[in-house]
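A.B. asks: Chains as they are written, first to last, in the working numbering: chain A, 1 to 391; chain B, 1001 to 1165; chain C, 2001 to 2599.
None of these hints come from the bench; they were simulated from the model.
There may be inaccurate statements among the hints.
Simulated pairs of lysine to any residue, SDA-like, Cα-Cα distance not exceeding 20 Å [said to hold, decoys possible]:
#1 K1043(B) - G2302(C)
#2 K1149(B) - S2532(C)
#3 K1043(B) - S2532(C)
#4 K1101(B) - R2546(C)
#5 K1154(B) - P2506(C)
#6 K2570(C) - Y1157(B)
#7 K2014(C) - R213(A)
#8 K2109(C) - W2089(C)
#9 K2281(C) - G2302(C)
#10 K1101(B) - Q2541(C)
#11 K1101(B) - R2548(C)
#12 K218(A) - V2003(C)
#13 K1043(B) - S2560(C)
#14 K317(A) - A2146(C)
#15 K365(A) - E272(A)
#16 K2493(C) - Y1157(B)
#17 K2127(C) - W2089(C)
#18 K2517(C) - H2451(C)
#19 K218(A) - L2006(C)
#20 K218(A) - R2004(C)
#21 K71(A) - K365(A)
Some chain A residues near chain C, calculated using beta-carbon distances under 7 Å [as the list claims (entries may be wrong)]:
#22 E74
#23 R76
#24 P83
#25 E164
#26 G168
#27 A169
#28 M174
#29 R213
#30 M307
#31 L310
#32 P311
#33 H315
Virtual Cβ for every residue (Gly too), placed ideally from N, Cα, C.
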Amino acid sequence: MTEYSNRSQYPQARADGSLDIDLTSGKYLKLWQGPNHPGITGNMSVELTVCGDEVVEGKTHVGYLHRGFEKLMERRTFIQCFPIVCRICVPEPDFNEYCYAAAVEELAGIEVPEKADWIRTLILEMGRINSYLMYLGGQAGAFGLGVIGQWTTYARDLMLDRFEELTGARIYHMFIMPGGVRDDLPEGFDQRMEETLQEIESTLQDVYDTMFRNAVFKKRAVGLGYVDPAWVDEYGITGPVARGAGVAKDVRRDQPYLVYDRLDFEPVIATESDTYARADVRRRDLLMSVDLIRQILARMPRQGEVMATLPNVLHWKIPRGETYVRGECSRGEYGYYLVTDGSGYPRRVNVRGPSYTHAMTLLEKLIVNVNISNVAGLMVSLHTYPPEIER
Amino acid sequence: MTEGRGYQRMKAQSSLKDILAVATEFERTARDFYADLAPKVSKQIRYLVEELAEEEQRHFDLFTQLQSRADIEEMLQEQVDTPASDGRFSDCIHLPELGDKPDDQAVLQYALGREHAAMEQYHSLAESTAPGPIHDLFKFLAAEETQHKAELEKIYYEVVHSGGV
Amino acid sequence: MSVRDLLSPFTAWKNLFREPVSIKDPFNRPASERYRGFHKNDSEKCIGCGTCEAICQNGAIDMLPADGVATQPGDSGLRPRIDYGRCCWCALCVDVCMTGSLTMSNEYKWVEADPDKFRFMPGVDKKHWDDYEDGYRRPDGHRLNAPERIDMPELAPAQRIDSFVEMVTGYTVEQAQLEADRCVTCGICVATCPTHMAIPDYIRAIRDGDYERGLKLLYDSNPFSQICGKVCTRRCETTCAASHEGDPIAIRWLKRHITEQVPHERYREIIGAPGPATGRKIAIVGAGPAGMTAAFDLARAGHQVTVYESESHAGGMTRYGIPEYRLPSDTIQREIDLIVSMGVEMHYNTRVGTDISMQQLQQDNDAVILAIGLWMGRSTRIPGSDHANVFKAVDLLRRIRDGEAIEAPKSLVVIGGGNVAMDIARSMARLQKQQHGEIAVTLTALEDKAHFLADPVEIKESIEEQIHILDSRGPQECVIGDQGGLVGLRTWKVLSIFDEQHRFAPSYDENDEQLHKGEWVIEAIGQMSDVSLLGEELTEQLEWNRGRLQVDDDGRTSESWLWAAGDCVKGPDVVTAVATGHKVAASIEAVFAQQEAQT
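Next comes chain A alone, as it looks inside the complex:
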C-alpha cells in the first residue's frame, strides 16, 4: 500500500533494534508536532525525527494536560468523584460518568431503575454522535477541508441543545450519577430529538458528498496509516480502528451493558484498514447511533423512577471490592477499574481510555515513513483524546 518504499537513505537498525540516528550527520531533523492543538488531537506532542519530509521515528509525549484525576478521586467521597470524572474526556464525557457510576453501583450493590438504564444508553449514543461529528470535522480539516468542520460543528451544536435541555449542561453534563440519572426526559424531547436527528442525517449526507466522495480526501486518506488486523490484539486496538481493519469488536455487542441487548444493531466494519476506511466506519457508526436513538425512544418505558434510593452520600461507605466496568465509546473500549476498601473513598481508580494504546504504541508504529504533511491526518484518524492518556 505505502508509496514511501525507498528505504536506502533511512537509518539502519542497530543490533538491539534501535535506529542508528546521528543528528550531527545533517541528514535528520527533530521536529515537534504539538503540544499545541494540532488539528483535533488535543494537547499532546509527537517528537518526530524526520529525514527530508518523511518521518523516520516518532515518540509520543504527554503530560501537558495532566490533572491527576485518579489521585484526586482517592481523596474525594464517592459522590464527590461524580462531577470530576466527566472532565477526563471533553468531547465524550458521558462514558466516564457511566463507567464510574456503574462501577460504584456494582460494588455498593445498588439496583438502578430500568428507565435510568434506557436514558443512560440514550445519552451515551448522543455523546457518540457528538464525538464522531467532532472527529469528522477534524479529520477533514487535517487535510484542508475546512468547511466540513463548520457543518459538523453546527450539527453537534444541535445535539448539544438536546444535551442542554436533558441534562442541564452542554459539555460537562454531570447527569449520570451513581444510582441512576438526575432527571426524566423533558416534555416534548422526542419531537425535538427527531428534528435534530434528521438535521444530522442531512448534514451527514453533505459530508458524504463533499468529504468521502472527494478526490483530495481520497488521495490523502487512502492507504494512510494501515493497521494490520494481526496487530489488533497485540497492540490492544479497539473500536473503529479495529473495526476498520475488519475485526468486528464492539463491546456493545460482545459484552452487552445497559440495554444494548434489547436494541437491534450489528457492528460496522470495513476491511481496508486505512485512514479513509476508519473515517467511513465512523460515519456509518454515527448513522447507526442515529438509528439506535430512534430505537431507544420508541422502546423505552415512560413510567417509573430514574434514580435509586441512595444512602446518605455524605457518609457513603462501600464494602471492600474491585471491579472493571467497560463500555464501547466512539474511540473503542472505555473502562473503569475501581477498588474499594470499605471506607468512604475509592482506594484506587484506574481509567482505561482507548487513546492510551492508540496514541502511544500504535501511533509510534504507524508514523514511520509518513510524510510530515500527513502526520496530523494520521493522528486524527486514530481519534485520540490526550486527557484519558494522562488521567
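With the hints as your guide, set chains B and C onto chain A.
C.D. replies: Below, chains B and C alone, put in the same frame as chain A:
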C-alpha cells in the same frame, strides 16, 4: 355613693353622673382591696396583686379627673338606659371572700370576674349613649377593660395551665 | 478515484442559497429550563446547615455570617458564599440542600472586570437572576440522603395495653446504623439542645460502631443520658435539618441505642472517676434531674455533696411523674446509682422545711441548691372540682409509680391536653384493662388538635390505646349525682382559644354542651412548685419574678448562698433541668474559684 344603690337598680334609667359615680367606686374599692391584699399574700405572687392595684389606680385616676372637668357637667345630667349588666357590675363593688391567704389562681379568678363585669357594663353604656364625648369615653373604657381582661386571661393560662407536659 | 469524486464536492455550493444557521443574537439566547447556571438561595428558607459546603468537592462554598440574617433556633445564621472561580456547576449542593432553598437560575452569562465579584452570597447579595423561574432545581424524588426515619420497634397496642412493660424495644445495631447514616452532621441541633449535647459526634460514633466513645460524649454533657434516651422532649429534633424535607433524625432513640450497647458495668470507667476532695460542702434540695446533675458535676469536682429528697427514691418527676411503660424504674435506678457512685451522699425521706430547715442547710454548707420541681397539680376550680373523686394527675401518677394499689373506676374523664394528661390517661387505661377488662377514658382538652401541648407521638399512641380524645372542650362543672357520687364532666365547645396574637382568649359555644360520663375526673392542666419549705422569712428575703424564684443567668438567687435549678425555675422538662443543673454547678465552681483566689 352607694346609698342610693337599691333604688337606682330598680330604675330603668340612671343619670350619667350616677353611673360614673358607681364606676369610680368600683375602681376605688378594687384598688383598695388589692392594696390591702398585697402585703398579706406570699411574696411569690405579690407581683400579681400589685399589678392589679396599679391598674385599678389608673382607672380610678381617670374617673376622678373626668368628674372634675367643668365642660361635661351638663352632659352628666343626661339620663341613659341602665345596662342589663348593671347589677353584676355593682355587685363587684362588694369585697370578695378570698380568705386570708389567697393563691395566685384565686386572685386571678376574682380579677377576671371583675374585668368581665366591667367590660360588659361599659360596652352596654357605649351602646346606649349617643355619639359624643361620653360615648367615646365608654367605648374607650370598654376597650380598656377588654384588653385588660385579655391580658389577665393570658396570665391565667400561663400560670395555671403551666404544664403542658 | 472517479470523475464523481471530482464533481461531488461542488455540491457544497448549494449552501449559498441557505439561511445561515448561526444564532443572530447569541447574547440573549435563554438557556434551557434545567440549565445549571448561577445559584439562587432563598435566604428565608435556608437554615445555614452547611450541607452544601460539606458536599462541594471543589471547596467553592464557604458558610459565613450574612447581613440581615440572625442566628436563632434552627438557623445557624450563616449563609453559603460561592466562589465561581472554583464552582464546577455540578449542583450537588442543590441536590443535597436540606431545605430546598438552594437552586440554580439558568443565567450563564456574566461579564465583570473585577474577579472578586464572582464570589458572592446567593440570595443575600442580590442578583438579577434571583427571580428567574427557570434553572436547575432538585427533581422530585431525587434525594442524596434518605428522607425517611427508621421506625422504632415497639409493642403493638394489644400487647402493651394491659401492662406497664416498656413499650419501646430499641433499635438493633443495623437499624441504628441506618438511622445514624441519615444525619448530615450539620450540628444545628447542638444549639437547640438545652444542655448542648454533642449530637453529631455521638451519632458519628454509632456509624463508626464506637459505642464507648459515644457514651463518653453523652455523659460529658448529660448524666441523665439513659433517661433522656427514653423520655427527652427532644427539641433537637424540631430543628433537625432533615426535618425540613423529611423526618428528623431520631436523635433521642440513637442516644438510647448507645446507652444500650455499652455494658452498664463499663459506664463508670468510661466516664471517669471524680477528682480529689476539696473539702467544700454543698447541699442540694431535691433529687430530680436538676439536683442530681448538679450533684454529679460537683461531686466529680471533688466537693462533698449531700442531696435531700422527700421521697423514698431519687429521680424526681422522671420517677414519680412518668409512667413505667415509658421509663422503667431500673433505668432510673442505674442512672442514679452511677451519679451516687461519684461520692454523693443521699438523704431519702427527708423533707427540707420539716425535717431540716433551710437555715440549717445554709449554716452547714458552702452553697445550697434548690431543685424542688413542680409537684403540686393545678385545679380548674370549676364547680364540683372539690369532690373526693376529682384527682390531680401528678398525685395519681406518683401513687401509681409508688406501687400503691389503685382501684380504677369503670369510667373516667381527664382534663388536659399535655403530656401529663396523656400519661395519666394511658396509665389509668392500663389499670382499667387489668381490673375490668374494658377501657373507658375520655380526655378533654381546651386546645384544638393543632395546638395540643402533648407530643404528637403521645397523642397517636393514646388513640391506639383507645383513649377517647376530645379537643376544644372547656370544662364547666364536675357533675355530682343525687347519691353524691360523680356523674361526669360538663363541658362547652371552645370556639377559639387564642386570639391573633396567640394570647389565651377563650370563647365558648354555650349551646354545644356535653356531659362526659365518668366516676372520676382527673385534672392534668398544670403544676406549680411547693415553695412553702423556704419558710416565710426566706420567702420575704428572696427576690421573685412573676411567681418564680428570681435567678440570674447562672441560676443564683438573690441570696448569695442559694442557687435554684430545674423545673421550679425553668418549667417542666427533663433536659432543661439537666442544663440548669450544669449551670448552677458551674456557677458554684466559679464562686469557689473566686473565693480561693481571694484567700
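A.B. asks: What hint numbers does the structure not satisfy?
C.D. replies: 1, 2, 18, 21 and 22
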